[in-house]
Amino acid sequence: MSAPSALVRRVFLTPALPGPRWRRLVQLAVGLYLFGLGCALPMVSGLGANPWDVLHQGLAQQTGLTVGTWTIIMGGTVMLLWIPLRQRAGIGTFSNVVVVGLSVDVSLWWLPEVEGLPARIAALLLGILVLAIGTGCYIGARLGPGPRDGLMTGLAAKGWSVRAARTTVEVSVVVLGFLLGGTVGVGTLLFAVAIGPLAQVFLPLLDVPVPDAGPPPAGGAT
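If you count the sequence shown from 1, you need to add 87 to reach our numbering.
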């Protein structure tokens, strides 16, 4: 391996982990699909998408591309911001960029139209729960953080508090998404409040043990 390639791997790619590789890969795939489904359900509820999906919705409305396509484009764009932040990516990071976007579009295709306030509330709450389970699955697989999670941890490593980094980024994408036509509502606020605690419930249950490793990082932004 050439010296530049070795440097790239050392700085930007997470090292291989010991343990049950097939379980990690299956859990990663299931988690990323569930994450996309959890993004789609609040959108079909019409009660407010999660912060990043407000932006994806707005961009989709302005361009004619699908929400899932913009999920992929923005995931790749956010990963470019990892370069100055010197964050490490893994197979889970690259899979996250592609699979979540595909899952969002597939889910929006097969989910039925939701009518009536009780059904809309149920879709919203189910979406947040499914997204939290998906978060626990893909982070617990320990194959690399999602692109947006890596942005948060990278900013934190530069001296930001995690809360300040997440709040600044998510408020910015919500405002921009709203101006572009994305749906902001009670679901957007509920997601911001509930996803962290719910993800913390599922992370210990879905963590794939690694010898001499600490607990998995908290996440929920993809």
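Keep in mind that a hint or two might mislead.
[To be verified] Beta-carbon label-pair distances, calculated as ranges:
1. 148 to 291: 19 to 29 Å
2. 113 to 192: 15 to 25 Å
3. 199 to 245: 43 to 53 Å
4. 244 to 203: 17 to 27 Å
In case anyone wonders, no lab produced these hints; they're calculated from the structure.
Ideal Cβ positions, reconstructed from N, Cα and C, are used throughout, including at glycine.
Hints and how they fare:
no.	hint	result
1	148 to 291: 19 to 29 Å	violated, 39 Å
2	113 to 192: 15 to 25 Å	holds, 22 Å
3	199 to 245: 43 to 53 Å	holds, 44 Å
4	244 to 203: 17 to 27 Å	violated, 46 Å
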